[in-house]
Amino acid sequence: MSTRWYPIYQRGNPQLRVFLPNFWMKLVRPTEDQPANVVTFAVSTEMTKHDVKNYLEKIYKVPVVDVRTRIALGETNRDLTYGYVTKKDDVKLAYVTMPKTEAFTFPDLFASKGEKQEKDEKSMDESKEGFRRFLDRNKKRPGTPGWFSI
Amino acid sequence: MSSTLIKCFNLAKTVGTVTFKSLLTTSQNQLPAWRPAVVGGVLKCGLHTTQCARQERKEPLMEFFDNPKHWSENEVKVGRAWKLDELRIKSNKDLHQLWYILLKERNMLYTMEHECNDKMEIFPNPERIDKVKISMENLETVVRERNKAYHLLETGETGERPQKLVHNAFGLRCTYRSCEHVLPPFMNTKWIKSRHLGFGGRAVHKFLLQYREKLYNAKRKAKNRSRNEVMMILRRNPNFDLELLKRKFPDVEIDKLRHSDKARGHFVPKVDG
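Chains as they are written, first to last, in the working numbering: chain A, 1 to 150; chain B, 1 to 273.
Any given hint could turn out to be false.
Claimed, not checked - Some chain B residues judged to face chain A by a derived CB distance under 7 Å, without partners named:
| hint | residue |
| --- | --- |
| 1 | 71 |
| 2 | 75 |
| 3 | 99 |
| 4 | 107 |
| 5 | 115 |
As the list claims (entries may be wrong) - Straight-line alpha carbon distances no greater than 30 Å define the calculated BS3-like cross-link-like pairs of lysine-lysine that follow:
| hint | chain 1 | residue 1 | chain 2 | residue 2 |
| --- | --- | --- | --- | --- |
| 6 | B | 193 | A | 113 |
| 7 | B | 119 | A | 88 |
| 8 | B | 248 | B | 262 |
| 9 | A | 128 | B | 77 |
| 10 | A | 61 | B | 90 |
| 11 | A | 26 | A | 92 |
| 12 | B | 90 | A | 58 |
| 13 | B | 193 | B | 219 |
| 14 | B | 164 | B | 193 |
| 15 | B | 83 | B | 133 |
Note that these hints are calculated values from the structure, not bench results. Heads up, the beta-carbon is just placed ideally off N, CA and C, and yes, glycines get one too.
Chain A extracted, bound-state conformation:
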């Protein structure tokens, strides 16, 4: 499309505008300890520092002071049987510094998952128990429907 097909910029040309940017960004948990106002993003490899800054400021309204980027090499893995090498995609990591007043801690998404799972298991056990009782009751008269007994 013509908005994605970038012409060469020469002085005096109108400014290039991208109306439908298709860059992606994902917020990732930092592997090392970071200051509270630094956020780590994995971004499209073709994004520049300025792109990251504008993307966050204009779309997400996040105040940005500084952006540092690096390209992390994708993991390579040698197949044990046949010896061929597989490689995961390289990914660009952007370390975004917000103003000192801002702070962001990566939330713990699965804190309440354990409780919920326990609850689910409990209800499952209960229903299993109920079915076992029903089977016991009907052992001597197989085939009778559930509503038959008093």
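Place chain B on chain A using the hints.
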């Protein structure tokens, strides 16, 4: 590219503020579940994460996460993707806003997927990503259609990036998508020197010969396979529907094959008269 993004997002500023009533007029009854998933944040439907963040503006970065309600869920119910026909009746402004909503949704899903993979948890309903992708593709198709129509009307050209079929260094045909250059080709001596368009060498000739042989063999084998299949069918079922066979194997000469030796079954043929 950096400076380009600055101004283009000006329109995106309206995304958060404008209510999406016009977008929802058609999709209200068709997209009961998808609506909250994609445009819920704007609509205050309460199913999307970005809703709280967008209203309070305290933690804009929480827009990268799903609604806290869904964090421990094993299943998140959403509807289907946006269809072409639904997008075609939207105005340009609506499409532009929807694009940013979809973009945010995709970022959110990518973030959640990454975190789930990291923590060895199940990412609920991964097909949400596909649905957003399909919606974005459809939206782009619609915008491209409009773009093309506009360019054809105004300039008589499609406005698409020009491309042509060229032979590469191996003598194989490929599409070349042209782009702008600072210098015209005849002035760009460095480029002229670096161009290796001649593919008349002995090695390339040999490669092309064998490559074409490979293609020809594939074709020949496919043809033989269908021919044998037809003969076997005719041998086992002498009264098979020939019209059906002809429709299924248009390349095979069935009338000729019918009388061939291989197509005859293991029985004494009926002799007329």
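Does the closest beta carbon of chain A sit nearer than 7 Å to the beta carbon of residue 99 (chain B)?
Holds, because the Cβ-Cβ distance from residue 99 (chain B) to chain A comes to roughly 5 Å (cut-off 7 Å).
Under the criterion that the straight-line Cα-Cα distance not exceed 30 Å, is the pair residue 83 (chain B), residue 133 (chain B) satisfied?
Status holds; Cα separation ~12 Å.
Residue 119 (chain B) and residue 88 (chain A) were given as a pair; does the straight-line alpha-carbon distance stay at or below 30 Å?
Satisfied, since the Cα-Cα distance of roughly 19 Å is no more than 30 Å.
Take a quick look at whether residue 61 (chain A) and residue 90 (chain B) sit within 30 Å of each other, Cα to Cα.
26 Å, holds
Verify the interface restraint on residue 115 (chain B): the C-beta must sit less than 7 Å from at least one C-beta of chain A.
Since chain A brings a Cβ to about 6 Å from residue 115 (chain B), closer than 7 Å, the hint holds.
Pair hint residue 26 (chain A) and residue 92 (chain A), alpha-carbon separation not exceeding 30 Å:
11 Å, holds
30 Å Cα cutoff - pair residue 164 (chain B), residue 193 (chain B)
22 Å, holds
Starting from residue 248 (chain B), check that the Cα of residue 262 (chain B) is at most 30 Å away, please.
20 Å, holds
Does the nearest C-beta of chain A fall within a distance shorter than 7 Å of the C-beta of residue 71 (chain B)?
Constraint on residue 71 (chain B) satisfied, holds at 5 Å.
Regarding the pair residue 90 (chain B) and residue 58 (chain A), is the alpha-carbon distance no greater than 30 Å?
Holds, at roughly 24 Å.
Within a Cα-Cα threshold of 30 Å, do residue 193 (chain B) and residue 219 (chain B) meet the stated pairing?
Distance of about 39 Å is beyond 30 Å: violated.
Would the pair residue 193 (chain B) and residue 113 (chain A) pass a check requiring their Cα atoms to be no farther apart than 30 Å?
64 Å, violated
Taken one by one, the earlier hints fail for this structure at numbers 2, 6, 13, listed in ascending order.
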